[in-house]
Amino acid sequence: MGSRASTLLREEEIEEIKKETGFSHSQITRLYSRFTSLDKGENGTLSREDFQRIPELAINPLGDRIINAFFPEGEDQVNFRGFMRTLAHFRPIEDNEKNKNAAATEPLNSRTNKLLFAFRLYDLDRDDKISRDELLQVLRMMVGVNISDEQLGSIADRTIQEADTNGDNSISFNEFIKVLEKVDVEQKMSIRFLH
Amino acid sequence: MGSLLQPQIKALRGLFCILFVLLLCCFGGKCELQESKPLEPVDSSTVKPFQNHNDEPQAFPDMERENLPVFTMDYPRIQVPFEFTLWVLLASFAKIGFHIYHKITIWIPESCLLIAIGLIVGAIMHSVKEEPPAVLNSHVFFLYMLPPIVLDNGYFMPTRPFFENIGTVLWYSVVGTLWNSIGIGLSLFAICQFEVFGLQDINLQENLLFASIISAVDPVAALNVFEDIKINEQIYIVIFGEGLFNDAVTVALYSMFVFFADMTVVESTDVFLGIARFFVVGIGGILFGVLFGFAAAFTTRFTHNVRQIEPLFVFMYSYLAYLVAELFGLSSVLSIITCAITMKYYVEENVSQRSCTTIRHVVKMLATITETLIFFFLGVVTITTDHEWNWAYIVFTLVFAFIWRGLGILVLSQIVNPFKTIPFTFKDQFGLAYGGLRGAICFALAFTLPDTINRKDLLVTASIAIIIFTVFLQGISIRPIVEYLNIRRTNKDLNTINVEIHTRTMEHVMSGVEDLCGQWSHYYWKDKFMKFNDRILRRILLRDNRAESSIVALYKKLELQNAIDILDMPFGDVSAAPSIVSLTDEKKETSRPKKKFLAADVRKMHDILSKNMYKIRQKTMAYTNKYNLPDDSRTREILIRRHTSIRRSIRAQSFRERQAQNISQAQKYYSLQPGGDLESAFVLRRRSHGGSQLDRLSDHLQASGVSPRSSSRSMLPTNRLNTITEVRNAADQPVPSFAKPHAPEQRGPEGPSFTGREPPVAAPRRHSSNRSNEEEGGQTEPVPPPQLPPPRVWMPDNQDTGENGAGNPLLRQSSQEFGGSKRF
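As you go down the protein sequences, you meet chains A and B in turn. Quick note: the first sequence uses our numbering, first residue 1, plus one each step. Quick note: the second sequence uses our numbering, first residue 1, plus one each step.
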């Protein structure tokens, strides 16, 4: 079934990933073993079904969106680099990183990037705006069946109203950042990866 | 609500009274009825009038002596089963009664209520000088009443969190119980040395024995309270596992100490032997459990023709595991638990859906009724036994039980916290310690104390006292205390709706990503085990060993197949799902007047959101709620909504497997010409799938969307639950069906190089390709915005047909055929 991609992770790759994402060596190898175990087709990339095979993800209300976030625009396979790149968003922000010089490119797990990840969960069409419909879709996924559409609609209206400062009836990324400024995003969107 | 309850409560009271009276009559009446029996055979055998062998006056008049008795009553014959049934019914009525007024069970745990009712019944029985049934001897309890409870615990144990945290669980249950027993035993022995209390004839072994009895805690009852305060899954599973395993440890310790209690002198070799025996008992029990579990799994492999008796195997094998372990003196509790855990995974895949449901229901039913009976009898027996009360012993028992449990949890947590990813906070530890109610095991073991112990009555009284004390006091107070400790600091109204929604989104994302990453340290072993499982075990034990996606397994487990059947019924009045007309309407309005939201509205919104938004990771708790079957309604809702996207992957997957197995048959699809016969193509596809359940499922799903035969089903714009897909705005709708022909052409160049991966690849690509279509204006027809409500439901269906891999021609056929008839 196609060419067998090399399943061993080379040192240079580990170094590159380390530089790009900030994970430690052992974290990368551990996540690599997880990657390979998910990769049932054993060709070095994951497809959507590989993700959907995880049962907890199947019953996560936002499961589809999360899976989508791993796949870059229009693609259906993700290799290990891409996998790590997405996971890098969830690395906890360490103190010594906060003082990095501004010249360096913003690390993937900065607060802004974390918020961007969350923003992109809503904003499927990548127009940098969360429209009312997009909001409604996510809301509908997250609530039970007992809420009527009118109620959900007014909740969505209220959400947009609270956040929208320039009156375009949608939430832009900056408005999103502003509305969540008091929330401890660094802590909420971080996983303690085992060393 | 009051008026609604009144007749029900009155009816129940009436029922209670009738039942009481009936019971009393039975007890009271049996003496009279027994004596009437010898009269009858005498009457019928001889013809002698006026002579009877008894001295009392004749019961029957002369003329009836030779005739066939028209109405007889023979109570002694049915006495035992009759009384048993009545007791069970009485306890069940009590349970019904509690739940009528829902609020009661929130504040007072069920065990309290049952004991209370038992006390009342006991008082009544005592006043009529009646003895309670001899339910509580060792034989009946250990052979009949304990197995269902433990089977329930084992069967509904959430295995993944359990095995992830198994170290912690074992640590707290085994070491904790040992700590408790030895600590309490030693301190009580110290107390006994004081002459003033008059307890000097209780020696060390007996104290230890008693201590082992009362260290069997049943914290599961407190779990209901912990659920409401968003307790961490790890802590939850530790509490659950502890309750489970310390039953096993207690029983093992008990048997050991009973043995010691008979000995006058205990040497150090005996202690070592005791420890060795402990391990033998534990490991032996587990081995037997695994053996019988595999046997059960293997048996169910062949039961597809005798579906009616499938549930029987589960029960018989687990009971057998229990009995055989008892035979060899091994830990029967561990045996039956491991049997259930081992068996469950394989059996639930082999048996039919109905058998699966039956098994679960019966397990729950047996466990609930047995536990109910135990608590009930606790109440009854409290009144009717002869008690020996010794203030000092009992008070000190209570004090030491509290102290040692608290200390134990503290020390154990300090030791084990550095090794854990999520350490236990003091609040958690307090919850763990305070939730240590004593339960059924403690009570039963107390009654099975051997009579050789000279202060047995005192020990029994002390046990009962501590059980009642902990159940009532701790049970009732734990909820207010825990809620007090968890007062939210932030005032909810200060949170904007935005914050509430977005933080919940983030939490869901995080739990999803965590599950994705598989965060546990025993991962290496689990991986090895899963490989072993897939390669060897599944082949042997499962009838239909296809590497199914666990999602399909989930579907089957949740009986979603039935749900989808209902959804597909014509004019099925399905849902729960409200209509989504407003969605398309909104889009058309460009300018909407800004609604004014009052503070009251906002508060109401907060309220709605907090009640209805899905909490994260509830599944563990749903499984361990002791009195109910696991609640999977939320899982169902989510899965039904996602079922189209999941269906896509199921079919892609099944296709891929087929692909690997018979390429040649697949080729037939590709060669199907556009004018080809759709029907034959479908038949072909159906046949190729064989009869597996997976394929039935996917076939069914596919058929519901596409098949020409099930036209009645596919025609309607079903009010499906709003299946969510990756559809953007209504305006940007990916093309409806009749614009599909573009898609296959786009895939044209890739057609021949068809690999198994194509199908899923095509679908998302079509999104972007279709969008690019729209932008280029390459559409043949303008895309009218769909009028009917759930466009997003149908869109994915049509897309699904595209990538079922059965080729472009099929897709084009179906879309053209149905393009007109479907309600676009």
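None of these hints come from the bench; they were simulated from the model. Among the hints, erroneous ones may be present.
[As the list claims (entries may be wrong)] Label-pair restraints from in silico Cβ distances:
id	chain 1	residue 1	chain 2	residue 2	range
1	A	Asp184	B	Lys456	56 to 64 Å
2	B	Leu485	A	Pro92	50 to 58 Å
3	B	Ala276	A	Asn113	52 to 60 Å
4	B	Trp107	A	Lys19	18 to 26 Å
C-beta atoms are modelled at their ideal positions from N, C-alpha and C, and glycine is treated no differently.
Comparing the hints with the structure gives:
{"no.": "1", "hint": "A/Asp184 / B/Lys456: 56 to 64 Å", "verdict": "holds (59 Å)"}
{"no.": "2", "hint": "B/Leu485 / A/Pro92: 50 to 58 Å", "verdict": "violated (27 Å)"}
{"no.": "3", "hint": "B/Ala276 / A/Asn113: 52 to 60 Å", "verdict": "holds (58 Å)"}
{"no.": "4", "hint": "B/Trp107 / A/Lys19: 18 to 26 Å", "verdict": "violated (58 Å)"}
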